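Chains A, B and C are the protein sequences, given in the same order. Letter by letter, the first sequence follows residues 59 to 263 of our numbering. Letter by letter, the second sequence follows residues 59 to 263 of our numbering. Letter by letter, the third sequence follows residues 59 to 263 of our numbering.
Hints are not guaranteed to be accurate.
Since the list gives no way to pick one copy over another, a pair counts as held whenever it fits inside one copy or between any two copies.
To be verified - BS3-like mimics (lysine-lysine), calculated; alpha carbons at most 27 Å apart, straight line: (1) Lys129 - Lys257; (2) Lys216 - Lys257; (3) Lys216 - Lys253; (4) Lys182 - Lys216; (5) Lys253 - Lys182; (6) Lys129 - Lys182.
To be clear, the hints were calculated from the coordinates, so they are not data collected in a lab. All figures in this text were calculated on a predicted structure; none of them were measured in a lab.
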Amino acid sequence: MATWSNASSLIVAAVILLGLSSASVAHGRRGRRSFVSSYDEPCMEMRLYLHDIIYDYSNSTSNSTSAAATKPTPLSTAVSNPGYFFGEMVVFNDPMTEGRALPPSPAMEEETAVRAQGVYLYDKKEAPNAWFAFSVVFNSTGRRGTLNLMGADLMSEKTRDLSVVGGTGDFFMSRGVATLSTDEVSADLSYFRVKVDIKLYECYV
Amino acid sequence: MATWSNASSLIVAAVILLGLSSASVAHGRRGRRSFVSSYDEPCMEMRLYLHDIIYDYSNSTSNSTSAAATKPTPLSTAVSNPGYFFGEMVVFNDPMTEGRALPPSPAMEEETAVRAQGVYLYDKKEAPNAWFAFSVVFNSTGRRGTLNLMGADLMSEKTRDLSVVGGTGDFFMSRGVATLSTDEVSADLSYFRVKVDIKLYECYV
Amino acid sequence: MATWSNASSLIVAAVILLGLSSASVAHGRRGRRSFVSSYDEPCMEMRLYLHDIIYDYSNSTSNSTSAAATKPTPLSTAVSNPGYFFGEMVVFNDPMTEGRALPPSPAMEEETAVRAQGVYLYDKKEAPNAWFAFSVVFNSTGRRGTLNLMGADLMSEKTRDLSVVGGTGDFFMSRGVATLSTDEVSADLSYFRVKVDIKLYECYV
Numbered sequence: 059m060a061t062w063s064n065a066s067s068l069i070v071a072a073v074i075l076l077g078l079s080s081a082s083v084a085h086g087r088r089g090r091r092s093f094v095s096s097y098d099e100p101c102m103e104m105r106l107y108l109h110d111i112i113y114d115y116s117n118s119t120s121n122s123t124s125a126a127a128t129k130p131t132p133l134s135t136a137v138s139n140p141g142y143f144f145g146e147m148v149v150f151n152d153p154m155t156e157g158r159a160l161p162p163s164p165a166m167e168e169e170t171a172v173r174a175q176g177v178y179l180y181d182k183k184e185a186p187n188a189w190f191a192f193s194v195v196f197n198s199t200g201r202r203g204t205l206n207l208m209g210a211d212l213m214s215e216k217t218r219d220l221s222v223v224g225g226t227g228d229f230f231m232s233r234g235v236a237t238l239s240t241d242e243v244s245a246d247l248s249y250f251r252v253k254v255d256i257k258l259y260e261c262y263v
Numbered sequence: 059m060a061t062w063s064n065a066s067s068l069i070v071a072a073v074i075l076l077g078l079s080s081a082s083v084a085h086g087r088r089g090r091r092s093f094v095s096s097y098d099e100p101c102m103e104m105r106l107y108l109h110d111i112i113y114d115y116s117n118s119t120s121n122s123t124s125a126a127a128t129k130p131t132p133l134s135t136a137v138s139n140p141g142y143f144f145g146e147m148v149v150f151n152d153p154m155t156e157g158r159a160l161p162p163s164p165a166m167e168e169e170t171a172v173r174a175q176g177v178y179l180y181d182k183k184e185a186p187n188a189w190f191a192f193s194v195v196f197n198s199t200g201r202r203g204t205l206n207l208m209g210a211d212l213m214s215e216k217t218r219d220l221s222v223v224g225g226t227g228d229f230f231m232s233r234g235v236a237t238l239s240t241d242e243v244s245a246d247l248s249y250f251r252v253k254v255d256i257k258l259y260e261c262y263v
Numbered sequence: 059m060a061t062w063s064n065a066s067s068l069i070v071a072a073v074i075l076l077g078l079s080s081a082s083v084a085h086g087r088r089g090r091r092s093f094v095s096s097y098d099e100p101c102m103e104m105r106l107y108l109h110d111i112i113y114d115y116s117n118s119t120s121n122s123t124s125a126a127a128t129k130p131t132p133l134s135t136a137v138s139n140p141g142y143f144f145g146e147m148v149v150f151n152d153p154m155t156e157g158r159a160l161p162p163s164p165a166m167e168e169e170t171a172v173r174a175q176g177v178y179l180y181d182k183k184e185a186p187n188a189w190f191a192f193s194v195v196f197n198s199t200g201r202r203g204t205l206n207l208m209g210a211d212l213m214s215e216k217t218r219d220l221s222v223v224g225g226t227g228d229f230f231m232s233r234g235v236a237t238l239s240t241d242e243v244s245a246d247l248s249y250f251r252v253k254v255d256i257k258l259y260e261c262y263v
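Only chain A is shown next, with the shape it has when bound in the complex (with noise of 0.2 Å):
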């Protein structure tokens, strides 16, 4: 058994035998390979900025990307007046980006390829401190797939960690984390901008 004690051999190994590698072209993989399950370093990484334009304040406009789905709860009004904090639900397509800025164009949703569609809310009474659920969804000829997440966006804290809990197409079986930081809010809070960075630590390579 002396050749297991090298730690390259081992990635080899459970390279095999976990993914069990062949050529097709299944699940829209598109002749990716081997599906890796590596918990010390990523198989995969990408940093994407999220960009959230709210309907719902003062200069809401037919181009915003999210709208609050429901109305302020009474706990809300009764807490955290004139805030409207515990018990919004936001549903959001918002496009994403490789670098900081947006793309030029008004007619966001048709252009870009990048999009995180699902709903967060708000859930503390004198704060903002939020949740998400969404996914991810690429469009592109380069990738073409869905990562979907879910976690606390604890936003007293710098970075906050979610979970990539599955992925489709390119991303097929992924799991992961994704690191959210703020990277900017407008003035008047109908904007704002978060960076994303994902680390898949289980994915096809």
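Take the given structure of chain A and dock chains B and C to it, following the hints.
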């Protein structure tokens, strides 16, 4: 190490190493014995039809199985009037069947052995586009337990992949992919049927 | 290959192959070293009690920890009046404790080291039946991180299994099952306590 070079012995090894096989009945697995991670071939497949009868349309009846939980958002009113799209959240408890037809009784909630329970929401301004998070609840003598699903239902695509992010009971620790395709929508939009092809790649067998 | 026939050496092998052991402090794991996939015995177990004090009942107080985010749906009014069941969505930020009792202070939100943050909804016409998606947030010196849960709370069953679909921090990449059982419901329905038995089958140890 020569015996490891054969593909079938690799599969056997993966089953042994990952499953640590057991005949116990823990977790309601009832005699199921080995945990399999198999990313090229599903370890379990099933096809189910989801039937959604929404309450809020013209012919609403007490046998409806879903209801909009939210009011139209200002954004939906502004940009997609008279449609009610962006921000609508729908709670559902829908029967699922192996064939296309619903059972003949109106008391579906009591009589159907498989149900989908959870929430979907619409997240596009110009047209319906959805996001789902729900459990498939199995409650028959043949299979008992749940599968938990989450993902984007990109309705402009012919087929859409959601993630199976976990399971319980007979589906203990399962993961996989569920592919949705619309099978029928009634003219008045009060009913839709979606074909759900579930493939598990991590499961007990 | 004779040494592989022994169960304990199989477990050691699985730890080595899957975990690729490391003493790094990446991902806030703080010295935890090996990733274990163990489907017959949990790699980690804990029992927590979730306390939910809903705002919208008779004795609502500012120390409430949850609030209905939606209004009664027409379906709920039609079929389950005066109960408010089908379609009710509740946002919560509930303290969790290791013993049954809540700490004596009303300022629970600040003082409790474990909280459950997310949403539950009611999805049955005749009686309460729920679906949960939430994070368990640990914030003490002993353990820091989150577990992310999702699943059906079939309230007519004595125990109900939800999936633990991911984790972060000290619970990096965890998966497992959480078994819920109702421990107490107050006469006026303003308070319930649920026992949550969490068993992880994939985790860092």
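Verification of the supplied hints:
When the C-alpha separation of lysine 129 and lysine 257 is checked against a cutoff of 27 Å, the pair qualifies neither within a copy, at 35 Å, nor between copies, at 37 Å. For the homomeric pair lysine 216 and lysine 257, the shortest alpha-carbon distance inside one copy (18 Å) is at most 27 Å, but the shortest distance between copies (30 Å) is not. Taking the shortest alpha-carbon separations for lysine 216 and lysine 253, only the intra-copy value of 11 Å comes in at or below 27 Å, while the best inter-copy value is 32 Å. Taking the closest pair of Cα atoms, lysine 182 and lysine 216 come within 27 Å of each other only inside a single copy of the chain (17 Å); across copies the shortest separation is 31 Å, beyond that limit.
For the homomeric pair lysine 253 and lysine 182, the shortest alpha-carbon distances inside one copy (22 Å) and between copies (23 Å) are both at most 27 Å. In the homo-oligomer, the alpha carbons of lysine 129 and lysine 182 lie at most 27 Å apart both inside one protomer (16 Å) and across protomers (20 Å), since each shortest distance falls under that limit.
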